[in-house]
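Student: Listed here are the chains, written in short residue letters.
2 protein chains.
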Amino acid sequence: MTKPIAVGLLGLGTVGSGVVKIIENHQDQLVHQVGCPVVVKKILVRDLYKERDVKVDVSLLTTSVDDVINDPEIDVIIEVMGGVEETKKHLLQALKQGKHVVTANKDLMALYGSELLAVATENGCDLFYEASVAGGIPILRSLVDGLASDRITKMMGIVNGTTNFILTKMCKYGSPYEEVLAEAQALGYAEADPTADVEGLDAARKMAILARLGFSMNIDLDDVQVKGITGITEEDLDYSKRLGYTMKLIGIAHRDGEKVEVSVQPTLLPDSHPLASVSDEYNAVYVYGEAVGETMFYGPGAGSLPTATAVVSDLVAVMKNMRLGVNGRSAVAPQYEKKLKSPSEIFSKYFLRIHVKDEVGAFAKITAIFSERGVSFEKILQLPLKEKGFAEIVIVTHKASQQDYEDILQQLRDLEIVHDVKSSYRVEGNGK
Amino acid sequence: MTKPIAVGLLGLGTVGSGVVKIIENHQDQLVHQVGCPVVVKKILVRDLYKERDVKVDVSLLTTSVDDVINDPEIDVIIEVMGGVEETKKHLLQALKQGKHVVTANKDLMALYGSELLAVATENGCDLFYEASVAGGIPILRSLVDGLASDRITKMMGIVNGTTNFILTKMCKYGSPYEEVLAEAQALGYAEADPTADVEGLDAARKMAILARLGFSMNIDLDDVQVKGITGITEEDLDYSKRLGYTMKLIGIAHRDGEKVEVSVQPTLLPDSHPLASVSDEYNAVYVYGEAVGETMFYGPGAGSLPTATAVVSDLVAVMKNMRLGVNGRSAVAPQYEKKLKSPSEIFSKYFLRIHVKDEVGAFAKITAIFSERGVSFEKILQLPLKEKGFAEIVIVTHKASQQDYEDILQQLRDLEIVHDVKSSYRVEGNGK
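Protein chains in written order, with UniProt numbering: chain Y, 1 to 432; chain R, 1 to 432.
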C-alpha cells in the first residue's frame, strides 16, 4: 500500500465535521479512485474539549495553527474556519511551505483569490476552491473545462440560498419580508445577522469569483454592483406575477466584446426561464456559451454535507495531481485585461412602480421623460390607489442604458406630480 | 513554441465541421489553456469533393481510414463518423498504436464501452466520450468528480431531445403524436426514421453509459428496460396535467444497497420536479448523491455545436494529460460486480387508465385485484365514456413492485368487465 496522504484541517465546525465523516466513510472509494489512503493528521480548533457531532481522537486536535501548517508530514491544508485577513496569512504561509490548499472560503477568494492563486502557482501548489461558490454544484470545474473550446458570454446565477428561500416563500404565500426572514432564521437558513445575505454581498462575492474565472479577467469584489432584497414588497411580487415574471436575486456577469458588467440585484425573470423554477434554498448557475448555448447547473448552494462533498472533491483532485506529480499547474492566470462597461454601455429592461397625483396630463408628463431619452414601454398598468387622488403606475420598459434609466429616475423623482418611486428592478427577457 | 499536437478526424459531418471550426477559432484560448497549438492533420471523408460548410484544404482529406489511424504523427483520433462494428475495429486499431481517442458515439460506447476502455488503459491511452451522453452537458466529468466523495444512489435523465421536443409540444398544444412528430422531422429535430429516438433506444444507450459510470458497474444495454413514447395519447397527457403531473420520457438508474435498476420509460413527474420544466429539445440529468443531495445539469442534448464543444473539451483534457505525461490513467475499472434488481425488487407508483363496462360491482372487482396484492390507491377518477355503457377509470397507485403490478395488469386484462387497458405509466413523486 502506498503511503497515505496526510491532511491538516483548519476548523471543525459543521463543514469540517462533514469532511472528517466523508473521509472516514468513503475511504474505500477514495483508495479506489486515487490509489492511496488519506488520513486527517491535525485539526485546528478553538476549544479542545467541546462536544462535537463527529468522533475525533483528541490527540488530533490543537489550538495552535502552527501545529497544522508547520507539520512537515502534512501535504494538504483544508481551510474551513472562515475569516479573511488572519486566514489569508495562514494560507500564504502554508503555500510557501509547499502545502496544497483546499478552501471553502468565498470571502477570502473574492477578496484575495488572484494573489493566493499566484502564490500557489509560484510554489508548485494546488489551490482549489470549488466549495466557495455553490456548495453542491461543480460549477468552477465546469467553467474551466468549457473555457478552452467555447467563449462564455453570460453567467446568471441564483447563488445565495437564504435570499432564494425568502423570495420563494414571499411569492408562494404572499407573506411579508420580515415574517419570512424570521422563519428562515428559525429554520437555520438565515443567520442571526442576515445582512451579508439579504444585502446581496454574499452573492456578489460568488459572482466576483465566477466572473474572474469565466471571463479570465481580474474582476474585484468592488467591480460588482450590488442591490439586496430588503426593499422588495408584496406589491412588487404581485405585479411581477401578473406580468408573467418571477422575482429572483440574480447575479449577472455579462460580456459584450471585450467589456464586462457584473451585478447582483433583484431581477424579474420570465416564468419560463430555467432559473425561475429554482426554489427554496436551492442554487443554480445558468451559463451561456457561444458554441454550447444555454446550460444550467442546479443543486444545493450550501449545507454542511454538500459543501463538505465539494471540499473532498477538491481534495481528491489535489491527491490525483500529487500521485501524478503535476500540482500547481491548473491555475491559469487571467488572459484578458479587465475592462468594465460604463453605465451607458449596460443595457437592460426595467420594471418601475411609481405613485403619482391623479391629475390631467400627469401621464403625459411621465411618458415625456422616457421618450426624451428614447426609452419606450413594453407594458404599462395604471391603477387607482386607496389614497384618494393618487394612482399607481407600473411600467416595464424596453431596453435602456443604465445611464439613461438612472437619469429618468432622477427626473421622475424631481417631478412635482410624482409622489414616490416605490420600486425599480431589472427585467430579463419577456414575460407574458 | 512547443510542437503542435496533431489530430486525425474520422468524419466531417456537422459535428466534425464544428470541431474543425472551434479548433480554428479558439486557437488562442487552446494555446493559453494547454500550452501548445493543435492542428487537424488528416480527415476521413466519404467524398473528397463534396461541398461543405467549413473550409478545409483538400489535401487534408482522405477516403482511406488507414491514412488517418496509421499516420505516425497523429496523436489523437476524434471519431465523429458514427457506426458500430467497423468503427470499433478502427478505434481498437488506433488505441493499440498508442493513439488517444475522443468519441461522440453513444451506440458504440453503450455496446462496447467496457472493452474499449480496457484496451485504452492497457495501451496507456485516453478514451474520452463526454459528447456521447448529452452533448452540451458535462455530466460524465461531474459524475467522475463526485464519485470519490459521495455515493450516487439515483440518476434521472431527460436524455433524448427529440422525444422531449415531441412531448413538450403535445402537452402545450394538445396536438396528437403523429402531427408533432411530422413537425419535429420538418424542423430537423427528428430523423426520417425516428425509431431509435421515439422507441427510447437512444435514451437507453445513454442511460447504460451513465449507469456504468455512476454506479461503477458493467451495465450493458440489455440491462436497460425500455419503453418509448409512441403510445402516449392526448388523453394521457390531459389526465397527467389534471393530476398535477408532467409526462416526460425519463431514464432512471436507481441503486438500493448493492442492486440496481435501469430503465427508460414515459414517466409522470410532479410539476414541481426540476425535470418537469425542462422543455423542447433540452436535456437534463438529475443526480441524487447521499451527501450532496439533489443536483441537476441542464443543457442542449444535441446539436452540432454543443456536441462539437464537448468533443473539443475532451480533446483539451487529452492534450493536458499529454503535456503532463499522464494519459491512460483516468478510466477507472468498475468497482462493483453487476447486480440487477428482479421485478419484485423494483418499486414504483403507477398511472393506469382502463375502460370498463359500467356495471354494478365492476369497480369492486377491479379494486379487489389490487388489494389482493396489497397495492393501494393514491387517486382514482371515474368518468362516463361517450360510448354508452362504458366508463373510464384512471388510477394512481401507491408504491407497488413491478412484479405485482404486472400481475395486476394481466388479471385486469383477463377480467370480463375490462374492455381495454388503455395506458399505464410509471409515476415518480407526488402530484397535487
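Keep in mind that the hints were calculated from the coordinates and are not lab data. Given the structure is predicted, the values throughout are model-derived calculations rather than measurements. Misleading hints may appear alongside valid ones.
What the hints assert, rightly or not - Computed Cβ-Cβ distance ranges for the label pairs, DEER-style: (1) Arg413(Y) - Asp280(R): 41 to 51 angstroms; (2) Arg329(Y) - Gly231(R): 33 to 43 angstroms; (3) Glu183(Y) - Glu122(R): 56 to 66 angstroms; (4) Lys399(Y) - Glu86(R): 19 to 29 angstroms; (5) Pro4(R) - Glu183(Y): 52 to 62 angstroms; (6) Arg329(Y) - Asp220(R): 51 to 61 angstroms; (7) Ser64(R) - Gln97(Y): 30 to 40 angstroms; (8) Gly174(Y) - Cys36(R): 57 to 67 angstroms; (9) Leu381(R) - Lys259(Y): 53 to 63 angstroms; (10) Glu122(R) - Ser114(Y): 50 to 60 angstroms; (11) Leu60(R) - Pro334(Y): 50 to 60 angstroms; (12) Pro334(Y) - Pro72(R): 37 to 47 angstroms; (13) Phe363(R) - Lys399(Y): 53 to 63 angstroms.
All C-beta atoms, glycine included, are put in the ideal place defined by N, C-alpha and C.
Student: Against each hint, give a clear statement of whether it holds in the structure.
Tutor: Hint check results:
no. : hint                                      : in the structure
1   : Arg413(Y) - Asp280(R): 41 to 51 angstroms : holds (43 angstroms)
2   : Arg329(Y) - Gly231(R): 33 to 43 angstroms : violated (54 angstroms)
3   : Glu183(Y) - Glu122(R): 56 to 66 angstroms : holds (58 angstroms)
4   : Lys399(Y) - Glu86(R): 19 to 29 angstroms  : violated (53 angstroms)
5   : Pro4(R) - Glu183(Y): 52 to 62 angstroms   : holds (60 angstroms)
6   : Arg329(Y) - Asp220(R): 51 to 61 angstroms : violated (38 angstroms)
7   : Ser64(R) - Gln97(Y): 30 to 40 angstroms   : violated (57 angstroms)
8   : Gly174(Y) - Cys36(R): 57 to 67 angstroms  : holds (59 angstroms)
9   : Leu381(R) - Lys259(Y): 53 to 63 angstroms : holds (57 angstroms)
10  : Glu122(R) - Ser114(Y): 50 to 60 angstroms : violated (43 angstroms)
11  : Leu60(R) - Pro334(Y): 50 to 60 angstroms  : violated (35 angstroms)
12  : Pro334(Y) - Pro72(R): 37 to 47 angstroms  : holds (38 angstroms)
13  : Phe363(R) - Lys399(Y): 53 to 63 angstroms : holds (59 angstroms)
Hint check: violations occur at hints 2, 4, 6, 7, 10, 11; the rest are consistent with the structure.
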